[in-house]
Amino acid sequence: MHNVENSIREAAKKLLSEKKVDLIVGYERGTLPLRTTPCFVDKAEDVRKLVWNENCDANLSKYLLSRKENVGVVAKGCDARSIAVCIFEKQIDKEKVVIIGAPCLGLIDKKKVKAKLDGRELLEATIEDEQIRLKGEGFELVFPKKDFICNSCLTCRHRNPPIYDVFTGEKVSEAEVDEFGEIADLEAKPAKERWEHFKEELDKCIRCYACREVCPLCYCKTCFVDQTMPIWFGKTNDLSDTMIYHLVRAFHVAGRCVDCGACSRACPMNINLREVVKKTEKIMKERYDYTAGLSLEKIPPLGEFKIDDSQEFIK
Amino acid sequence: MDKLGSVMVIGGGVAGVQASLDLADSNFKVYLVDSLPSIGGTMAQLDKTFPTNDCAMCILAPKLVAAGRHQNISLLTNANLKHVEGKAGHFKATLTRRSRRVDEDKCTGCGVCAQKCPVEALDKFNEGLSKGGAVYVRYPQAVPLIYIINKEKCLGCGICEEVCKAGAIRYDQKDEELQLDVGSIILATGFDEFDPSLKTEYGYGRHLNVVSSIEFERLLSASGPHAGLVLRPSDGDIPRKIAFIQCVGSRDATCGTDYCSSVCCMYATKEAVIAKEHMNQIEPTIFLMDVRAYGKDFDKYIERAENEYGVRFVRCRVSSIEEVPETRNLKIKYEPEDGKLIQEEFNLVVLTVGIKPSESNKELAEKLGVELDKFGFFKTQTFTPISTSKPGIFVCGVASSPKDIPETVTQASAASTGVGELLASARGTLVKKKEYPKERDVRGQPPRIGVFICHCGINIGGVIDVPSVVEYAQTLPNVVHACDNLYTCSSDTQEIVKNRIQEYGLNRVIVASCSPRTHEPLFQETIKEAGLNRYLFEMANIRDQCSWVHMHDHKAATEKAKDLMRMAVAKAREIEPLERVALGVTRRGLVIGGGLAGITAALALAKQGFEVDLIEKNKELGGFLRKIHYTLENDDTQEYLRAMIDNVYSNELIKVFLNSKVENVSGYVGNFKTTVTLDSGSEVKRELEHGIIIVATGGEEYHPNEYLYGKDHRVLTQLELENRITVAADEKFGNVVMIQCVGSRNDEHPYCSRMCCGEAVKNSLKVKEKDPEANVYVLFRDIRTYGIMEEDYKRAREAGVIFIRYEEENKPKLAKIKSEGKEDLQVSVFEPIIQEDIIIDADLLVLSAAVIPPQENGTLAKMLKVPLNEDGFFLEAHAKLRPVDFATEGIFVCGMAHSPKPIEESISQAKAAVSRACTLLTKDTIEAEGIIATVNPNRCTACELCMLVCAYNAIEIEETKRGKVAKVNSALCKGCGACAATCRCSAIDLKGFTDMQMNLIINTLR
Amino acid sequence: MKPAEKEWTPKILAFLCNWCSYAGADLAGISRMQYPPNIRVVRVPCSGRVNPYFIIKALQRGWDGVLVSGCHPGDCHYISGNLVARRRFAVLKDLLEYLGIESGRLNFSWVSAAEGEKFATVVKEVVEKVKALGPAERLVKR
Amino acid sequence: MVVFQMVWKVIGKNKIPTLIQELNKEYEVFTPVKKENLVFFERVSSGNEAFLDFQNTKKSPKEVFFPQTEILFTYEINKQGVEIEKAPVLKRDIVLLGIRPCDAKGFLLLDKFFSSGEYKDLYYLEKRRNTTIIGLACNRPLSTCFCTSMGGAPFGKEGMDLLLQDINDKYLIETVTERGEKLIKKLPWLKDAENGDIDKVRSLSRNVEKAIKSKVSVEGVSKKLDGMFDNKQWDLIHEKCLGCGVCTYLCPTCCCFDILDEATTKWKRVRIWDSCQFSCFTLQGSGYNPRPSGKERMRQRIMHKFNYFPKNYGENFCVGCGRCVQECPVNFDIREVVEAISTDIWREKDE
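Protein chains in written order, with this note's numbering: chain C, 1 to 315; chain A, 10001 to 11006; chain W, 20001 to 20142; chain R, 30001 to 30351.
Just chain C, same shape as in the assembly:
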């Protein structure tokens, strides 16, 4: 980790001092345990602010959209993939971005930690040797780190960024994982039960749009729910409106979503939003053998077609 952190700082320093970039987007320490916060460094001497750890959970590609200056960005595998999608979609200028790729073995899911602490407040956390030490008022607990890894990281097949300009640290081995295993149980249920499940889950939604705003692919100037003339769908927290909001958002990221997990992490209501978007990833894989964010040239599934595409649902 420190090794990577140092080389990120070095890379950033080099890029800034050689004037290859005007700005580095990275992570700095947050104000709460297990948190980092995005930071913007434009002076070489400030690179020491940059940190690298299991809490660097924001997908920084969001900060590259429609930037005018040259930017260096710290990117995990998933972040780099979403940058690739945005480059294809012309939302990020390839010429203006330097991707400082970093290997990632998984982020800590602070919600999992909270669940474990069951209402007790976490005041301090340290991670060492695959162990995590959680301290609060009247407790000090040690758990294996793996108990708290984000679900999106558990199904990750691209721990090393598939595209980058500078690679920091050493490449890590990719895991053999069951990519879509986590939604298999749900898929196997009858439609009514799935409906009940999503109804309960999405009923929690307060339409704060944190999921949308953290998502690098949600760059529409006016989101469909905010559009008028016509108003397609309501903005209320009525279940039907909420369902449709999440359904359409999932549809919109179909073939583009890299499962960075940012939406799920951002949700203040603990809705497992990945459960919805994960399905689109699976559809794309199974129907069109496509994985998003691995190439800057390949046309995404909804931008092309084959004459013999599957059509079992069409009479």
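If you are wondering where the hints come from, they were derived from the structure by calculation, not from laboratory data.
Incorrect hints may have been included.
[As the list claims (entries may be wrong)] The calculated lysine-lysine pairs, modelled on DSSO-like cross-linking and capped at a C-alpha distance of 30 angstroms, are: (1) W:LYS20011 - C:LYS315; (2) R:LYS30215 - C:LYS135; (3) C:LYS135 - C:LYS116; (4) R:LYS30035 - C:LYS116.
With chain C held as given, fit chains A, W and R onto it using these hints.
Chains A, W and R only, in chain C's frame:
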């Protein structure tokens, strides 16, 4: 002498319709004459078409409707030519129009007469397989949709007269005579099917379960007698084993049909595939001599039929068919290549009937004074494939020789170019432009909707409570007038509509009646005449999709009609006037490629008065044709080419750029800009402006790696042999072995090069002519001497040329055998009939090398934004009906750039491309569609997804003050709306079908 | 049961492409094929015009079922509108079903201009399916 | 002013369900409810649902008076014109049990917003007027709680009618208002508190208040902000903010809303929450947006809370509950901003 700007097209099949449309679109007045009561010809009878399995009616119907509506086309159906005099530029024709016993002006095509007719007459369209009344239309989508009374069947009972509320029945209507003055005539008479009962050994007419392929086609059709179910005639069972017998009335001297019908291998395969698609239990077997899949992408189709659908191909002639009395199954005796006689039982036998010259050709030829060939097709020459023996009279399609639909359509366009060249000076003199009152500006006004609800005689009124729908419509928002009419489409009601528009100040009009597909243009015309923009119109289909399909539930049908009314009003409240933007046209052409096709195209354009830039990459014109010296008919190709090139250089309108290549293309239809680089020592760049582009980049001969080519001087390609034959005075050839399909139909080039079989036959005949002692062996996979070429194949066999078939997996082998200090070439090939290898010592080994696409096609395709097929040839917009167009408007393809083909086909295609180009170049402005996509720049993120899904390259990204945004080119947009539905940001909308309108329609649910 | 439910007959919204399916529906009429009166047709130029919003909005507004019908692959009047749409519909249908919307409410078909009978059959089947499901509830906004 | 007798009662923790059961007969009772790991304020139908062993609820209780979606009325358009049908009014009075002092203070700020000036918000006020608030003092404030900096306290009584104070196995109930007293009178079975317990609570209150470490010097911030509208720091601090509505939606005082018409079988006029952090919040019909970027929107949030509101109503528009700090997806911490303004770092950097 003054030429006339009008044309008579005889025959309303796909050829006649295409020729008429091209001519009418390039400002000629067209009289389209058909002896049948409706146009559409044979293609309207087809179920699906190979190799794309397109639904024939789906793709043909829009053309028929366009022809029916075109203001420069007069349809003269149920009419025959009586007499013609005059000459090129001015013919006087006399026609007889037979009585329909129905008033064409009054019949609305509502069909009540046919519903009520008590007579059951066999339906000719369905090949006698189903029954219709004595008053009928040939097929449901008939153009013109006017009924006709079959006087032989009619009882004169008077029922139809009684039920026809339009008063269109005229039992006393007489035949009438008609005089036409036209500048030129096109013959598009199509063909007759061979009568299979003439081949008595197949038992057609005796055995119930032996059907002709055309009958089978109707059986397969969704609109056929069993609605697509394949049921055999004897007992209505599903036939499991079906045999297709090929060449029934083709390649058969015993019937006087020595030619190949060209289409049967493919259409039989198509029928087999579709039968299999309809009912998977069917096992089709096709008995044939050769698989003649010579067309573009045909071999791929055959391969799929064999491997994916399990269609069995057996090479043999079937000797006899016997019926098994108990089961009515059929026993077929045949001898496969290995000579063992086999007997196999089938449930159904389909006789793949060949093409026969139309019976009417003889009479027509006489009246017109044109020559027929020995079979009865109109005679043409290699270099003039669309000219008859008489100037001013052109021919296209199967009227001149058997051919498939794309060839036919190509020739139809080519014939139109023939006319254009002849009558260029009279173009536009006989077409009239309709004048309309000034359009009322209704923008910003609150909608004032007028609703006209049609009874359609009793068609609607007999089921739906029309007055209650009128009453309901009056309660809907913004409706200021609603009324009902007996026939809204009748001319007196049209006047009423116009008056009401004025009286009530209507600014939106809704007609609730039949289908917008047939009647929208009529009503749009009416409101336009009343000063409203044509798009301020909406229809509710309460007949075809309501009263006719819910005939027994009056209440539900009325409720549905009200719902449809509410939906129409919801949409009408949001419709806006749309503009068809007029775009200027640079009346100048660009032809890329200076081979036969390019030269032909350039000359054809220049002859019609258009300037042309002709770009050739080499230092001289001529291309592939430079290597061909004679034709099968012994015409001198080099002489022809020299004459053509002279014409090019002497024509002031043509500018030739040699050693040149296209560097960049920008712009769009009517307004292209092209940068050309001239390499004449130093590079020079030129900017050219033009309205259309014709791609004629040609093909190249494959340089074989096989059979020691290039390593042994005795191994030649066909073109090299041809050169040698021409140059050498009296050479002794000895043993000449020709190997076909070298570099074709393999993994690298999976297609058939189409011209090599003809080349081999031609050159072997020439060898035999020069040196009768020479032995010529042609080793082939299938001999594909389609059409009239079949005769030459026969001639070659008669001349002693030996043809030996080989299988793909058992290719001929070449060995060098040392004997007496020299090395002999020895070819061994497995002979399937004697089932043994035979060995031939070859003095010359001639390779029929493939035709391959030039490498630069790829770069050019990218520049033009047009596609290539998998093989690297340019891919046309539609394999069947748009063979020389690209999806991108204003760009056309011809010659070998499209696919390998012989001389006459390249010439036809080049002229066809010019005809299509002339539909644009003859206009001052091109009118863009009104219904097109528009971009809301406030929402657009320029993600380019719309560009990916647009099939017409109609969207580009533009740099604006607000950053990059998509922009729709209204000249290219066809209004499909794929972009609008794909855009995540809803930044694109489709005029005429806007999100707002759709939203309101969906919201009408109560 | 409320009286309104007793009288319930499904209402199905159908988007038909102008060139094939709408023509097929016309042909069904011309051939006087009878089918249940539950569908309401919206004519669109191409199945490619059908935005997923149309379908979702229809479900939210309480249409009991939706049918989208276009040209068979290869027949599209606009070359490939139906093929682009096919992918879009595949994803939408998979997603809606995953969320638990009854699969019978979303129907897609290819109906050519010559397939009047097929159109009638499709409508019959769709109406049967929707009838069996009962009135739409899951995504409906009251 | 009505003078009333301050009474102290006591209730065993095991009796809370009984209490709720009884209140339920007459009132709509809302209490904290635990769902999975989160605690929300919800309408309860039985006493067992209440969960009082929490630090603070995920969402603020403002939605009881100011629901996220509220139908104002329904209407139909016909040939005669528009026919309006009012939305149903409150059926029973409300009791909120378990409100933290910060949230109760939040209600007082919302009251100012919804009832001051010419226009009174009847939808809010009707519910508010008919509600009795039973607060619950904080024994275990979070590390992010800064209520004391905002004029509140973990045992604060502002905005409460009754205040429960936790001592081991029982709660002391302190009557704060007449309304509270009325309610107490309906519960004669409650025992009186003993003096020892009252003393215990008082010392506990002092200790807990001392234990709050998170301090923000808000003194003078409002004034300082007067001159900072164009401060360059706005350009920097908003940069990581993504513009979601987590902070404003969870905030007990943020109360911006939008009103729109919706078509179902009938037309509805609906009020929904809105957030100044959303890009379309100030988007005008013409396409013009006076707050085009995150900078203006972030400035609006800070200015509204610490400058505009204090100017209009004399108080900061923040109660220090810390929800926004806890839940911000990118760890934007409002405390840092206020602190920086207060300590003049901004002014120095701007110069």
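Each hint, compared with the structure:
Restraint check for LYS20011 (chain W) and LYS315 (chain C): satisfied, since their Cα atoms lie roughly 20 angstroms apart, inside the 30 angstroms limit. A threshold of 30 angstroms between alpha carbons decides the hint, and for LYS30215 (chain R) with LYS135 (chain C) the separation of about 22 angstroms falls inside it, so the pair holds. Among the hinted pairs, LYS135 (chain C) with LYS116 (chain C) is consistent with the structure: their alpha-carbon atoms are about 12 angstroms apart, no more than 30 angstroms. Using a Cα cut-off of 30 angstroms, the hinted pair LYS30035 (chain R) and LYS116 (chain C) holds, with the two alpha carbons roughly 15 angstroms apart.
The structure agrees with every numbered hint stated previously.
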